[in-house]
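6 protein chains.
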Amino acid sequence: MNKGIGYASVGEAIDSFMLIKEASKGLTSGGKPFLTLILRDATGEIEAKLWDATKEDEALFIPEKIIKVSGEVNQFRGKPQLKILAVRPAQPTDDVHVSDFVEKAPVSKDILMDKLTEAIFEMKNPTLQRITRAFIKKYQENLLLYPAATKNHHEYVSGLAHHIVSMLGIARQIHQLYPEVNKDLLYAGIILHDLGKLRELSGMVTTSYTIEGKLLGHIPIMVEEIGLMARELQIEGEEEILILQHLILSHHGKAEWGSPKPPLVREAEILHLIDLMDAKMNMLNRALDKVKPGEFTDRLFAMDNRAFYKPSFEE
Amino acid sequence: MNKGIGYASVGEAIDSFMLIKEASKGLTSGGKPFLTLILRDATGEIEAKLWDATKEDEALFIPEKIIKVSGEVNQFRGKPQLKILAVRPAQPTDDVHVSDFVEKAPVSKDILMDKLTEAIFEMKNPTLQRITRAFIKKYQENLLLYPAATKNHHEYVSGLAHHIVSMLGIARQIHQLYPEVNKDLLYAGIILHDLGKLRELSGMVTTSYTIEGKLLGHIPIMVEEIGLMARELQIEGEEEILILQHLILSHHGKAEWGSPKPPLVREAEILHLIDLMDAKMNMLNRALDKVKPGEFTDRLFAMDNRAFYKPSFEE
Amino acid sequence: MNKGIGYASVGEAIDSFMLIKEASKGLTSGGKPFLTLILRDATGEIEAKLWDATKEDEALFIPEKIIKVSGEVNQFRGKPQLKILAVRPAQPTDDVHVSDFVEKAPVSKDILMDKLTEAIFEMKNPTLQRITRAFIKKYQENLLLYPAATKNHHEYVSGLAHHIVSMLGIARQIHQLYPEVNKDLLYAGIILHDLGKLRELSGMVTTSYTIEGKLLGHIPIMVEEIGLMARELQIEGEEEILILQHLILSHHGKAEWGSPKPPLVREAEILHLIDLMDAKMNMLNRALDKVKPGEFTDRLFAMDNRAFYKPSFEE
Amino acid sequence: MNKGIGYASVGEAIDSFMLIKEASKGLTSGGKPFLTLILRDATGEIEAKLWDATKEDEALFIPEKIIKVSGEVNQFRGKPQLKILAVRPAQPTDDVHVSDFVEKAPVSKDILMDKLTEAIFEMKNPTLQRITRAFIKKYQENLLLYPAATKNHHEYVSGLAHHIVSMLGIARQIHQLYPEVNKDLLYAGIILHDLGKLRELSGMVTTSYTIEGKLLGHIPIMVEEIGLMARELQIEGEEEILILQHLILSHHGKAEWGSPKPPLVREAEILHLIDLMDAKMNMLNRALDKVKPGEFTDRLFAMDNRAFYKPSFEE
Amino acid sequence: MNKGIGYASVGEAIDSFMLIKEASKGLTSGGKPFLTLILRDATGEIEAKLWDATKEDEALFIPEKIIKVSGEVNQFRGKPQLKILAVRPAQPTDDVHVSDFVEKAPVSKDILMDKLTEAIFEMKNPTLQRITRAFIKKYQENLLLYPAATKNHHEYVSGLAHHIVSMLGIARQIHQLYPEVNKDLLYAGIILHDLGKLRELSGMVTTSYTIEGKLLGHIPIMVEEIGLMARELQIEGEEEILILQHLILSHHGKAEWGSPKPPLVREAEILHLIDLMDAKMNMLNRALDKVKPGEFTDRLFAMDNRAFYKPSFEE
Amino acid sequence: MNKGIGYASVGEAIDSFMLIKEASKGLTSGGKPFLTLILRDATGEIEAKLWDATKEDEALFIPEKIIKVSGEVNQFRGKPQLKILAVRPAQPTDDVHVSDFVEKAPVSKDILMDKLTEAIFEMKNPTLQRITRAFIKKYQENLLLYPAATKNHHEYVSGLAHHIVSMLGIARQIHQLYPEVNKDLLYAGIILHDLGKLRELSGMVTTSYTIEGKLLGHIPIMVEEIGLMARELQIEGEEEILILQHLILSHHGKAEWGSPKPPLVREAEILHLIDLMDAKMNMLNRALDKVKPGEFTDRLFAMDNRAFYKPSFEE
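Chains as they are written, first to last, in the numbering used here: chain P, 1 to 315; chain C, 1 to 315; chain W, 1 to 315; chain R, 1 to 315; chain Z, 1 to 315; chain G, 1 to 315.
Hints in this document: simulated from the structure, not taken from any laboratory. Given the structure is predicted, the values throughout are model-derived calculations rather than measurements. Please note that the accuracy of each hint is not assured.
Given that identical chains are not distinguished, each listed pair holds provided it fits within a single copy or across any two copies.
Capping the alpha-carbon separation at 20 angstroms, the derived lysine to aspartate or glutamate pairs in EDC-like fashion look like this [claimed, not checked]:
{"no.": "1", "residue 1": "25", "residue 2": "52"}
{"no.": "2", "residue 1": "83", "residue 2": "52"}
{"no.": "3", "residue 1": "151", "residue 2": "180"}
{"no.": "4", "residue 1": "83", "residue 2": "47"}
{"no.": "5", "residue 1": "32", "residue 2": "52"}
{"no.": "6", "residue 1": "124", "residue 2": "238"}
{"no.": "7", "residue 1": "138", "residue 2": "236"}
{"no.": "8", "residue 1": "151", "residue 2": "239"}
{"no.": "9", "residue 1": "65", "residue 2": "95"}
{"no.": "10", "residue 1": "280", "residue 2": "180"}
{"no.": "11", "residue 1": "25", "residue 2": "12"}
{"no.": "12", "residue 1": "261", "residue 2": "295"}
Using the sequences and the hints given, assemble the complete structure.
Okay, structure coming up:
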């Protein structure tokens, strides 16, 4: 297995380090205990069965632990399953780290940070520039680590920054084609629109929702943060702040999707469209990358459950 | 006309002071200018026509002015219309005031304030009590003046406070019937739930939406206000604040109705139900008050456009 | 296991009487027969496996039978499962009864009956009082036994009467807060609104839908019953009867929820709101009772599939 | 005007008897009173203006009165309007009757009655035959007079009987093509399905909804009537009665359209489909009859607001 | 097993030829391979387990193969399951054919072809007759073989032709009851409406969707085919062709169901209704045929997931 | 009036040529005839009243005629209205043309044609290039004249070509940002996606829907045209053609919006998004151009009836 578990085929022998994502105990019909593990590396994940698991195994093999595992890829109900032949916890001397086993953005954190800085540098409106810069400073570390979502699109390390930078690329072009667009406002909206996720989501790996994420959601969280930050920067009450809060509030497009107000400012509408377009391109390109010409992808839940066709004439 | 314009019948002669709510200019098919005025007193409103209006009339008879008018109630397209025979602007010596011509809550401001104070006094949780008290103090004056909405329910002077106090009454009973309910949390939620309207709406009379009302709405405005107030009071980060923000955020019940999160805490669900119940009772009782047993009310827009029947056996 | 199966934890030994709710036969991959039983007592239920089941076992262990069972609580796919070590049918000498193993209302039948009688006694309109009393007399026995639903809310013995009595409590308070409400009409509507369920549902235990329940439903059944009873009592044609039928017909609130007419009378609207409020409080309080502060409940299907949070500051 | 007002064209002189359907008073911008009348004969209706109307005119020209009118057809906002030149109330000596001015079914009452009798005669199931016959006897007079609806389809004298007889024609054919269908049940369902309209609607001319029509609707009314009639005929409790009630209850097809239960019996589904088909054919044929090949009809509200095209190749 | 697998009961011994519809490999918890087969004959299908499957078994027992199998019908999770005792592939000398194991229309291909020819013979409009005849000629072979759908209704060999002929029967009667209907247009619409399925579906057995079926669908495919055929026959541009394309385009009734235009011509509306009626009768009659009086059918997915009741009084 | 009627303010005198867009006759309450005209020039339109219109006026002043008109801009019910003082039909010697009075794209036809040619020149796939080129050639004249819609967006002369060229601009950028996108396919889809409108719409001025536009719509028309053209060019059956038809078919995004299949190919999804984005930018920019900073636009019907705010900080 050179390329990673995401590329392993049935029958292949496995002998490598992997991260335990989930672990649960079961009993065979004969009453014997076994463990079902979801293992992952940076390229994908696989279900694995550890038969005849002992109490010690149960205590050792828990989520977020790295293991050295050897075994064979079988098929079970149409899906690949790893039959574990030998397994042990990773040792400090193995020099492996959780961050080696998670998917990352295809662009490095340094480049992402450069692109963000460049966009802020282009901005001319001082109010918009100041508040944007203040947030980048406040959240810099996590912003470069967090995914943009728990699943569906940009659900990998640095996914949030990758999504923002990608959207800034579209915004730059849209501004050239339609010069009426207020670039500063659009840039500020793009950079801040999802920062509430840094409080809505639990972290970089095996991401879940925090309590305030569940009870408030990233949109109201960010609207409030802008209010607090504006007071701190003593720019409270300027119209830019209100409009920026509106951009954040409305960026999901309609009430049913979590925006109590629909976009009512030109740049709010564009922010919503660019967000949609980049999320869709990310999902589509990654799904189509895994199939051959003449085939359909799996159904993509966040694309209305559609399966997409990859034309064969492109070969 | 003893009882007010809301009780005038067709054919009746009118000779009284009224407030101009709206004014617009028109031309007869013969090309002559006239004014269409919407006049009101504390009991209701009526459309009036001032034929052969001069330029001076146009300048004199504008919204928010009080006039002395005599005329006759006619019927036009099934609705009453006032034919103006004589009209003049009110003079300082007439000793009439805008506040005489607007509908008011059936309970006085003093009593409403007492009830609010009493509820806060009942609260035992210090965090919830402190933040509630701080808002009452901050907004006391407008809270006792504003309507709860521009139309449909409690759309009169002190309507907001009347709605809050009425909801507190239900809450007290619900807490007795279901003692599991956290009364402090429910009281705080009720008192604060619509305070964002003090920034969403333009004022007490001929109420319209402010720009921040249109772009953000009273729910996100109030969530942000709680965040800012908590920081001021140095109770930021306490769980009560988060839960209280959730109560405000979710009190419209579902995303389509403006709450990005549905109620996910018991008291949030109850707050939503009590809000609904009091708004509906207010609309129903006022509409049924205007019809006789055996009749149907007009269609009530905010009650899904239903016309309600008043049984005749109640006579 | 002192408190009942609803409180048993994994690893605990069980030795008690339980009622078989469901039983089905399976084959292991080795081709050996086993029985899957759903067992219950008054506090909850658990899945159990009886391995190597004989033909005699299959005949003995069928739904509605009481058994004496000893075994151990294991975990299977995240849910508790009882591994049966020994089992036998209950004997007459064991002196256990089906009614010992089902959930019951937290209020006794006698108290429920007293509360119903008291409400009827308060009524002053003779027509409404007579027909309500006639139905209580006709259905007294089942009314005090039936659940209010097969699942979701008040789904226990005497659940229907408990729901009615609880709603009467809210109605009494609502009438005090809004004295325009016709208390007699509201009381009659509350007491009769769900009596059609006595024909829609099959009984007290392992409740299912009858054929007329499936083809007509409890609402049209009850509208018809009122018509028949009014004829019997020779009060057919009085307006109270029509209005009462309307209250029953409209109490689900809208066509999509089974009411061909929405509430068009004040008390019909209130009946609908009180029904909703009591059903929701019942679901919420019972679900929150099972979780600790700082936790979420399971998703509640009849509450739009929401999981509710129990604040930790309430500790 | 030989053919009737439904065929009059702009510019044509009118001199004939017509029935006043609606009358309302207005004031010109000069303050002079006039009457707006909706006049009709058996072929259609037209709006008419009576300028300079006196108090006597107001008292004379009221709904349900027949008048002799002469005037000219003008066009107003794209619709024909009758300018009244002379008008007088009809005299007893004119020998004109309200029934001359209303639209009637294209088939006589005698033939409709014969067809109903014939269908009942074909039925073999004694329970279904008895109850159907009993209702025909109870309602014979009104059944042959009432429209099937206030508007949209079969909204003319004898419209209800015409609709029933037309549906019986389709049912006979469907039974031949699919012999599994229970003809007796389907016939009984068709004959009774809309009889509740005899209580839901106010009468034959200028039909409106009764109070019980508004509060209960024809479907629950008829389900109840079947229950009462079954008790009278002492066939209460037979399964045919339950199934027949289900057919009535479900014939609108789904909850949103007023059927709390959808069709759950084969003949209930067919009844729903035949009802739909005959109503649609009635609307379509009458609308297409009024346009020329190559033209579109007006938008038909009850056909989802569609305008239908009449192909020109059919000429 | 005389009547076929659709009629086999639990405990019955099986010894017959069957067709493999699906095959998948699994592993027991002990790690031993087995095959899960879906087997079918002309009366129905059953799941079967072949334990201890070898690599040879895997290669031999694949979809579309006929096998000779003996075993016993067991029950597994409430559904019948065949336990295979012996199995071998069919030999040429067995003289069994795939077509023996699939469901067929209850009417022979010859009779279906006669009925189609007869309908075309009745048509008088030369344009409509020519194009209909041309398509019958082009697609004759497949038209008599294909199902009308992959599931739900007429999902058997010759199902498409059976559906068309059945619809023509209804159309003939509708035309007699409503003589305004253009019979030629309706016949042409019925015969052609689903011919696009010959390109949308993959074939007669184990039918799936083709790529053009997935990307275009049978409706746009057939609209295009009519355009191409009209050009070939040099009748392009005649109004009949446009109207016929409209009938095809609109026959699903509304946009959500795949018709970009709703029916806007009388015969288009009727075509839609007849299509619906025949599909529903086919589903209903076949489902009710499998249950006894007093029972409900399984839920029928394409009938809004309803379970239908078969009255017991019909016995 | 230098800038055109779109910029005229109340009280301004008008003396210029205008095109009659609509004309209808009315009667004053005194019974005198007048004409209501909708007049337009290249900047907008206004309602005008011609009082005391003669029969000759009626015959002269009809849609599509150019007139010389002098008058004054009044206000009527809040909207500007032109009071005509003098009017005459335009003469040949006036040298004015219908094309002078209609709105046009802000880019010339020559430039639009160059941009189209350039895009086709960039394409490398011969099949896609050939069919695109063939359509440009077939429809060149109308493609450069037609609007993209009857209202809402690009509803002006050359609007269709302007929309296409604008979309090509976005596509070029999207391809650079996401190089996986097949540019040839996307270009071909963009150029052809709305060509069906050349048959759906009646023409350049006072555009309405043709009969085939109403009965089929531009999407199925274009899918068929591609089929016919592919046969002509002998490239029928190549996968590019199928995919291209899919792009056209799915470009409205979902069934409710007229696409029987949703986008199932990457470029189909992008085509839909770009179409949406350019249409929205066109509507937004034109609406915001008409208001001042700090104001809201009128409600934009095709933007979900939203009124957009123009921030004042942009001044």
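Mind listing which of the numbered hints don't hold for this structure, in increasing order? 3 and 8
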